[in-house]
Amino acid sequence: MHDFDVIVIGGGLLGCFVARNLAKYRLKIAIFEEREDLCTGISRANTAIVYSGCDTRPGTLKSRMCVKAAQSFDSLCSELGVRYKQCGSIMVCFGPKGEEVLRKKYSQGLENGVRGLRLLEQKEVLALEPGLSSDVQLGLYAPEAGTVLPWELGLAAAENAASNGVEIMLNTKVTDIERTEDGYIVHTAGGSFSSQGVINCAGMFADEILEKVQNPLVRIIPDSGDYFVLDTKADGCIKHVIFHEPEEKGKGLTLVPIVEGNILIGPTKNSSDEKDAFKTTSSGLEKLRTLVSEVVPTLPMEHVIRSFGAIRPNPCYVHLDSASGSYVPIEKTISGFTIVESEETPSFISLIGIKTPGLTCANELGCFVADRISSLLRAEVNTEFNPQRDAPLRLNDLSFRERSNIILKNSSYGKIICRCRNISEGEIIDSIRRKPGAVTVEGVKRRTGACSGRCQGSFCTQRIIELLAREQSVFPNAVAKDGPGSYMIWGGKKDGNKNDRV
Amino acid sequence: MGTRMIAYDLIIIGGGPAGMAAALSAKEHGVSNILIVEREEKLGGVLKQCVHSGFGLSYFGEELTGIQYAERFITKIEQSDVEVFVSTSVINLQPDGSVILSGEKCGLCEAKAKAVILASGCRERPIGAIAVSGMRPSGIFTAGMAQKMMNIGGYEIGKQFVILGSGDVGLIMARQLKQMGKDVLAVIEQEEKCGGLERNRVNCLEKYNIELRTCCTVSEIHGKSRITGVTIKNLLNSHEDFLTCDTLITSIGLIPECELAEEACSGGRCPDWLFLCGNACYVHDAVDDATFEAESVGQLAAKLVISGTIPQDTKIFSSKAEKTSDSGMICLGCPKACVLIKIDNGFKGAACGRKDPILSCV
Numbered sequence: 000m001h002d003f004d005v006i007v008i009g010g011g012l013l014g015c016f017v018a019r020n021l022a023k024y025r026l027k028i029a030i031f032e033e034r035e036d037l038c039t040g041i042s043r044a045n046t047a048i049v050y051s052g053c054d055t056r057p058g059t060l061k062s063r064m065c066v067k068a069a070q071s072f073d074s075l076c077s078e079l080g081v082r083y084k085q086c087g088s089i090m091v092c093f094g095p096k097g098e099e100v101l102r103k104k105y106s107q108g109l110e111n112g113v114r115g116l117r118l119l120e121q122k123e124v125l126a127l128e129p130g131l132s133s134d135v136q137l138g139l140y141a142p143e144a145g146t147v148l149p150w151e152l153g154l155a156a157a158e159n160a161a162s163n164g165v166e167i168m169l170n171t172k173v174t175d176i177e178r179t180e181d182g183y184i185v186h187t188a189g190g191s192f193s194s195q196g197v198i199n200c201a202g203m204f205a206d207e208i209l210e211k212v213q214n215p216l217v218r219i220i221p222d223s224g225d226y227f228v229l230d231t232k233a234d235g236c237i238k239h240v241i242f243h244e245p246e247e248k249g250k251g252l253t254l255v256p257i258v259e260g261n262i263l264i265g266p267t268k269n270s271s272d273e274k275d276a277f278k279t280t281s282s283g284l285e286k287l288r289t290l291v292s293e294v295v296p297t298l299p300m301e302h303v304i305r306s307f308g309a310i311r312p313n314p315c316y317v318h319l320d321s322a323s324g325s326y327v328p329i330e331k332t333i334s335g336f337t338i339v340e341s342e343e344t345p346s347f348i349s350l351i352g353i354k355t356p357g358l359t360c361a362n363e364l365g366c367f368v369a370d371r372i373s374s375l376l377r378a379e380v381n382t383e384f385n386p387q388r389d390a391p392l393r394l395n396d397l398s399f400r401e402r403s404n405i406i407l408k409n410s411s412y413g414k415i416i417c418r419c420r421n422i423s424e425g426e427i428i429d430s431i432r433r434k435p436g437a438v439t440v441e442g443v444k445r446r447t448g449a450c451s452g453r454c455q456g457s458f459c460t461q462r463i464i465e466l467l468a469r470e471q472s473v474f475p476n477a478v479a480k481d482g483p484g485s486y487m488i489w490g491g492k493k494d495g496n497k498n499d500r501v
Numbered sequence: 000m001g002t003r004m005i006a007y008d009l010i011i012i013g014g015g016p017a018g019m020a021a022a023l024s025a026k027e028h029g030v031s032n033i034l035i036v037e038r039e040e041k042l043g044g045v046l047k048q049c050v051h052s053g054f055g056l057s058y059f060g061e062e063l064t065g066i067q068y069a070e071r072f073i074t075k076i077e078q079s080d081v082e083v084f085v086s087t088s089v090i091n092l093q094p095d096g097s098v099i100l101s102g103e104k105c106g107l108c109e110a111k112a113k114a115v116i117l118a119s120g121c122r123e124r125p126i127g128a129i130a131v132s133g134m135r136p137s138g139i140f141t142a143g144m145a146q147k148m149m150n151i152g153g154y155e156i157g158k159q160f161v162i163l164g165s166g167d168v169g170l171i172m173a174r175q176l177k178q179m180g181k182d183v184l185a186v187i188e189q190e191e192k193c194g195g196l197e198r199n200r201v202n203c204l205e206k207y208n209i210e211l212r213t214c215c216t217v218s219e220i221h222g223k224s225r226i227t228g229v230t231i232k233n234l235l236n237s238h239e240d241f242l243t244c245d246t247l248i249t250s251i252g253l254i255p256e257c258e259l260a261e262e263a264c265s266g267g268r269c270p271d272w273l274f275l276c277g278n279a280c281y282v283h284d285a286v287d288d289a290t291f292e293a294e295s296v297g298q299l300a301a302k303l304v305i306s307g308t309i310p311q312d313t314k315i316f317s318s319k320a321e322k323t324s325d326s327g328m329i330c331l332g333c334p335k336a337c338v339l340i341k342i343d344n345g346f347k348g349a350a351c352g353r354k355d356p357i358l359s360c361v
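Chain order of the listed sequences is A and B.
Take 0 as the starting number for the first sequence in numbering that gives the first Met the number 0 and just add one per residue.
Take 0 as the starting number for the second sequence in numbering that gives the first Met the number 0 and just add one per residue.
For the record, the hints were derived by calculation from the structure and aren't laboratory data.
Every residue, glycine too, gets a C-beta built ideally from N, C-alpha and C.
Careful, some of the hints might be misleading.
Selected chain A positions facing chain B (Cβ under 7 Å, derived; list incomplete) [stated by the list, open to error]: (1) 305; (2) 408; (3) 410; (4) 490.
Below, in silico cross-link-like pairs of lysine to aspartate or glutamate (EDC-like), each with a Cα-Cα straight-line distance of 20 Å or less [unchecked claim]: (5) 96/A x 246/A; (6) 41/B x 465/A; (7) 408/A x 239/B; (8) 268/A x 219/B; (9) 232/A x 288/B; (10) 104/B x 383/A; (11) 223/B x 272/A; (12) 223/B x 33/A; (13) 26/B x 62/B; (14) 286/A x 219/B; (15) 75/B x 288/B; (16) 274/A x 35/A; (17) 27/A x 383/A; (18) 232/B x 285/A; (19) 223/B x 383/A; (20) 223/B x 275/A; (21) 223/B x 246/A; (22) 232/A x 262/B; (23) 223/B x 273/A; (24) 274/A x 261/B.
Taking the hints into account, I'd like the entire structure generated from these sequences.
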C-alpha cells in the first residue's frame, strides 16, 4: 500500500493546477513544496498575460492549448473566484520588419482558430490607445487576450485542490527519489513517502528532479527580466495589453493593465546564471525607460512604485560530451512545451521549462497530465469533485450595503490596515486562516494585495507582522517577509529579550 | 445608500498636528459640530513616533519633543467637544461631498458636512520608485517606518545600518540609531549636499561622526533572504564599493497623501467645500509652520460653514513667508498645490485656472 497514488513535486502555478485536475479522479494526491508557501517561484513574478494564441506555430500542442484556454479563461476564473480582465491585446509595430511579424502572426492566429483577430490601421490603433506614439504603423488586435494575477490563480487552484482532498505538504524539499518495483519512494527532509506516480512540476529545478531518476535529457538555462509597476494613478493610461514588436533585434516592450489597476511594464531579457535570484539589473530598467519613451511617451513614469526581477526557465536538450564525460546543454532552446515521460520511468511525468504561454495554459496542462496519469494508473473518475472554490471576501468589490452588513457581523472588516488599497484587518486574517494560508508578509500580499500599493507597505507591514504573529502564536521576530531567513525584526521589548536573535 | 448617515458642520480627515490645529481653530471661529477622523488608534499623527526634540520653537516658544508637541493639542481636543473617531479610515470622498467612513466601532457609514479639511499627512517615497538593481530581500525600511517600528512598536530592526537619502527623517534616524549603539556605516546622498536641514546635518551627523557620502547612490542590493550589503556607486567617477549591512533605511522623499482630494476633484477643480492643510498639501520642514497654516485653513473653513461663502481676498501666509522673499506661492485650493507666480493683477500658474487661489508662501 502506497502513501499516495500521485505525488506532485512543486507547488507553483503548474503544480497547483496538476493537483486540481488530478482531484477529478479517485486518487490519493499530495503536493510537495519546498517553500513555506505556494507560488513563490516563477509564478510570483511574470507578465500576468492570458495570450490569445497567435504567437505559436499552428498544429502544435502549445497553440491548441493556448487558444482553447484563452477562450475559456473567463469561466475558469469564475469557477475559481479569481479576478480576470479580458481587456484584449494589441500588438504594435513601427516599421517594415514589425509589420511582417504582425501579418505573419495574424495569419498564424487565424489558422490557430483565434477569434476576433483584426489588423488595425494607424488611426484605429491610436483611437483605441491614444497614449501610443503616433509613429505606430500597424496593430494586431486580439479581443480574447487578457490579464490575471498568476499567484491569485495558482493559490485558488491549490485551495480548490485542497478542498477536494489533495494534501499540501509545505516545507517539504525533495532530497532524493528512488525507483521501486511498483512506483517510487520520494525522500524529503520530513520523511520518505511512497507513491505510484510522480508529476514533476519543480519549475526552475525540474531538470534536477528528473535527473534523480534518469540520465540527463533536458536542462534548464535561466534568464531574467526586469519589470516596473506603475501606481493605480496611471490606471486608464493604457487599456489593452500592448505588445511592441521592435524593428531592431532584441525584445520589445510589453505593457499590461493588471486587474488591480496598476500598469506592469516589462520584461527585458537578461542572461542569468542563477535559478533563484529574482533580481533587477540597472541596464534592463534603463532599457525599459528608453522603450517607454519611444513607444508610449505619455506614460506617467513618475508613478513608478516598484521594480522587480523575474526568472524564466529555458529548456535545452543536452548531449553527452565524450571528451569530458559530462552532459552539456545544446544552445538552442526547445520551443514547445516539454513534457517528459519515458519507458524507464513509468508514471513519472515531468513538465520542464514551461514558459510563455504557461500561465494561460496552466489548467490545460494540468488537465492533460491528469488525464494521462489517471489512464496509466487506471483511476476512476471522482464524481464528488467540486470545481467551485469559495473565493475570499474582497470588500472593495462589494456594494455599500453588503460591505456594511459584513462589518456589522464582524467589526474587523471595518478596520482598514492597508490604506493604499483599503484592505481590512478581517481580509488579512482570512488570508492567514485559509487553507493553505499565508505565513509570511509576502503571502499576505499575494492573497490580499496589502503592501502592494503606492506606499509599498511602509504603513501596514508592522501591523501585518503582528497579525501573522498573533494568528500563528509566534513572536513577531519569527515572522518572515518571504521565506526562510528573511526576518524583519531582530527582537525588542514586545518579544522578551530571550527570544532575540544573535 | 446604507442605513447609517451622520452629519457634521466640519469633518477633518486626519488627527495629526495639522488636523488638530485646524479643528481647534475652526472651533474658536464659531463652528460647533466638528468631527476628526483618525485612521490610527490614537491622535497625534507622525509626532507619536518622534521621540526627539526640536519641535515647538516658533509655535510655543520652547523646545519640545514631537510627542510633547502632540500632547498639548491632544489635551485641548479632549477638553473640547470636538468629536474624534479613531481607528477609522475614509475610504472614499465623493464629489458630492459625502465622506465614506470605515471603522471597527462606526462600521461603514456615510457622513455629510458643510466643509471637509483633508489633513492626512504625507507618505514616504518607496525604494521601488527609484531604479535600484539587485535583490529584494527583507531588511529594507523607509525611515518613518523604521522610526515607528522602533519607537512605537518597541522592536529592534537591525544592527548594521546604511541610510539612503539625507532627508530630515533619515538624519534623525541616523542619530537615534547611533545613540542606541548601532553601527551606522554611512548616509548616502546623490546630490552634492545634504538633503535635510543644516541644523539636522550638524546635530545628527557631524556630532556623531556619521559619514555623509554625497554624489553617491546605492546601485545594487545584495542578499537573497535578509539584506547582506549594498553596492555604493560614486556618480562622479562611477567608482563602486561594497558595504556590508543587515539593514537599509531609505529617506528618499515625502509625498503628500492627497489622493482622496484627487478623487473629489472633477475637471481639475477642487470643490469649494474641500480644504487641504499640513503635509497633505505640501511637505513642511517644521510642524510649527504646518500648525500656523492649519489654523488659517480652519478659520477659512469656519467662514464657509458659517456664512456659506469664502471671501475672495482670503490669503494664507505661512510663517516661512517672513524668512524667504524670493520664492513662489503655493495654491492651497486643491491637492495639486500649484506653484504660483505673482503678476500685476493677481497670480498665474494654477493648473485649474482658478481665479481665487488660496495662497501659501514656500
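Each hint tested on the structure:
no. : hint          : in the structure
1   : 305           : holds (3 Å)
2   : 408           : violated (10 Å)
3   : 410           : holds (4 Å)
4   : 490           : holds (5 Å)
5   : 96/A x 246/A  : holds (6 Å)
6   : 41/B x 465/A  : holds (18 Å)
7   : 408/A x 239/B : violated (57 Å)
8   : 268/A x 219/B : holds (18 Å)
9   : 232/A x 288/B : violated (29 Å)
10  : 104/B x 383/A : violated (43 Å)
11  : 223/B x 272/A : holds (15 Å)
12  : 223/B x 33/A  : holds (16 Å)
13  : 26/B x 62/B   : violated (26 Å)
14  : 286/A x 219/B : holds (17 Å)
15  : 75/B x 288/B  : holds (19 Å)
16  : 274/A x 35/A  : holds (18 Å)
17  : 27/A x 383/A  : holds (14 Å)
18  : 232/B x 285/A : holds (16 Å)
19  : 223/B x 383/A : violated (43 Å)
20  : 223/B x 275/A : holds (9 Å)
21  : 223/B x 246/A : violated (37 Å)
22  : 232/A x 262/B : holds (10 Å)
23  : 223/B x 273/A : holds (11 Å)
24  : 274/A x 261/B : violated (43 Å)
Consistency note: the structure conflicts with the earlier hints numbered 2, 7, 9, 10, 13, 19, 21, 24.
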